[in-house]
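Participant: Chain residues, written in single-letter form:
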Amino acid sequence: MVYDISKLLQKKKKSIIELWIKNQLSEAGLREDLISNEEIRQQSEELVDSLVNNLTQENITEVNSPDFDDVKDILSGISITRARQGFSPRETGAFIFGLKNALLELLQQEIKDDKESLYEATIKINRLLDSFSIVTFETFIKGREEVIIRQTDEITEISTPVIRVWDGILALPIIGTLDSARTQVVMENLLQEIVETGSSIAILDISGVPAVDSLIAQHLIKTVSATRLMGAECIISGIRPEIAQTIVHLGIDLSNIITKSTLASALKFSFQSLKLEVKRIPVKTAQ
Amino acid sequence: MIITLFKVSMRIERDQDVVPFRNRVKEYAVKIKMGIVNQTKLITAASELVRNMLKYAKGGEALIEIVTQGRYNGVRLSFKDQGSGISDIDLAMKDGYSTEKSLGLGLPGAKRLVDDFNIISNVGHGTTVVVIKWANG
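Residue numbers (my numbering), protein chains in the order written: chain D, 1 to 287; chain Y, 1001 to 1137.
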């Protein structure tokens, strides 16, 4: 006797859902903080519905059949939202493998008497669900990668603040490596701020740059040149002794750029060139 | 005779690989108690050579080794790529020479930053650069 697995599953849809949900709820690591029982039920019902409706006796062996696009869409949707919600790969994996277990359990109950058919059906379901698992993981990882990319963007945004230290003086602390993309952001922010504030001096502080190689130096020189074109003077500060020695050995010529060892001395220099004076006010003694 | 005590190799394929590689180099330099100036020199040289590899050969293999010779410990870095090679090494080693629009200080600068610098290039087959920086060199 040949069993029509798709018909069988259609008939038993309700019990598949119940079995699967039972599997999910009994899972030790159930994240009640991230997802409610109703949501689990809703997601599970949607997926089982779509799977059972699209499954036929013919396409069960063809995992790449377009009939399953719908199922894969739902699955991707679920795993992407789970990735964003902060589910672990194990938890997401347990979700889809729970369905596999439920299906296999059901087959075992239904095709008790015919070992050969059971074996065949098991293999087919296994193959199909494995391919779905791969889809789940692919999209899960993609979801996580999106999170990482978004964070990278945020870091570049945060890490290039332009600070108004004084009227007419801007400071820009650079932390980390200065690559081409970052130089672009730094330059854009700085030039924009020069226009907006009408500043005449910009201080680039590189205390937080671990090493200055020729590419980073080139980026710095470009930023300085662009600032000068805008009519402002650019000072590079925060050059540590080891960086100074390295720059000399590398043979980078920074002699026509004003450089200072600390931000404080750069600020002092700026005050001088703006003809400003910082004075200590004598404290009046009590009479 | 130079003996290798430890080695680790890294694939360099994207710009994002430069920073982790540099951090790795720094880690080993710290391990052999290299001073901060030499550390910075080594890291800068490593950075130059890795960037060259990315720019001209679209990546390659970088090997970090802790080596010892007598009483001296050092870090040896090898950069091996399968790029188009350098036809005139003497010219490439000259300050300010660059086929791209860069400062042209990468190779000659890196040579000045390390204690031992070796470059072998076969046109059409690739380039290998090996540098050593001693902890107290």
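Simulated from the structure, these hints should not be mistaken for laboratory data. It is possible that some hints are incorrect.
Unchecked claim - Incomplete in silico selection of chain D near chain Y, CB under 7 angstroms:
1) 105
2) 109
3) 153
4) 173
5) 177
6) 208
7) 215
8) 218
9) 219
10) 249
11) 250
12) 255
To be verified - Simulated crosslink set (DSS-like; lysine-lysine; CA at most 27 angstroms straight-line):
13) D:142 x D:72
14) D:142 x D:11
15) Y:1094 x D:222
16) D:112 x D:12
17) Y:1111 x Y:1033
18) D:12 x D:100
19) D:72 x D:22
20) D:13 x D:72
21) D:222 x Y:1033
22) D:124 x D:112
23) Y:1055 x D:222
24) D:22 x D:12
25) Y:1111 x Y:1031
26) D:284 x D:222
27) D:260 x Y:1058
28) Y:1031 x Y:1058
29) D:222 x Y:1031
30) Y:1094 x Y:1111
31) D:222 x Y:1058
32) D:112 x D:7
33) Y:1111 x D:142
Claimed, not checked - Estimated spans, in silico, between C-beta atoms of each pair:
34) Y:1061 x D:148: 17 to 27 angstroms
35) D:244 x Y:1095: 12 to 22 angstroms
36) D:207 x Y:1001: 35 to 45 angstroms
37) D:34 x Y:1002: 50 to 60 angstroms
38) Y:1063 x D:70: 22 to 32 angstroms
39) Y:1123 x D:54: 53 to 63 angstroms
40) Y:1091 x D:262: 34 to 44 angstroms
Beta carbons: idealized from backbone N, C-alpha and C, even for Gly.
Participant: Sort out whether residue 1058 of chain Y lies within 27 angstroms of residue 260 of chain D, counting only the CA atoms.
Facilitator: With a Cα-Cα distance of about 37 angstroms, the restraint between residue 260 of chain D and residue 1058 of chain Y is violated, given a limit of 27 angstroms.
Participant: Under 7 angstroms, Cβ to Cβ, is where residue 255 of chain D needs to be relative to chain Y, so tell me if that hint holds or is violated.
Facilitator: violated (14 angstroms)
Participant: Would you mind confirming whether the straight-line C-alpha gap from residue 124 of chain D to residue 112 of chain D stays at or under 27 angstroms?
Facilitator: Distance of about 17 angstroms is within 27 angstroms: holds.
Participant: Need the status of pair residue 1111 of chain Y, residue 1033 of chain Y: alpha-carbon distance at most 27 angstroms?
Facilitator: holds (22 angstroms)
Participant: Take the shortest C-beta to C-beta distance between residue 219 of chain D and chain Y; is it under 7 angstroms?
Facilitator: violated (11 angstroms)
Participant: Checking one constraint from the list: CA of residue 284 of chain D to CA of residue 222 of chain D, max 27 angstroms. Satisfied?
Facilitator: violated (50 angstroms)
Participant: Could you grab the alpha-carbon distance between residue 72 of chain D and residue 22 of chain D and see if it respects the 27 angstroms cut-off?
Facilitator: At roughly 23 angstroms apart (the allowed maximum being 27 angstroms), residue 22 of chain D and residue 72 of chain D satisfy the hint.
Participant: Does the alpha-carbon distance linking residue 142 of chain D and residue 11 of chain D stay inside the 27 angstroms limit?
Facilitator: violated (35 angstroms)
Participant: Residue 1094 of chain Y and residue 222 of chain D were given as a pair; does the straight-line alpha-carbon distance stay at or below 27 angstroms?
Facilitator: holds (23 angstroms)
Participant: For the pair we were handed, residue 222 of chain D and residue 1033 of chain Y, check the Cα-Cα distance against 27 angstroms.
Facilitator: violated (36 angstroms)
Participant: Taking the least C-beta to C-beta distance, is residue 153 of chain D closer than 7 angstroms to chain Y?
Facilitator: violated (14 angstroms)
Participant: Can the restraint linking residue 1111 of chain Y and residue 142 of chain D be considered satisfied, given a maximum Cα separation of 27 angstroms?
Facilitator: violated (42 angstroms)
Hints 1, 2, 3, 4, 6, 9, 12, 14, 21, 26, 27, 28, 29, 33 and 38 from the earlier list are contradicted by this structure; the remaining hints agree with it.
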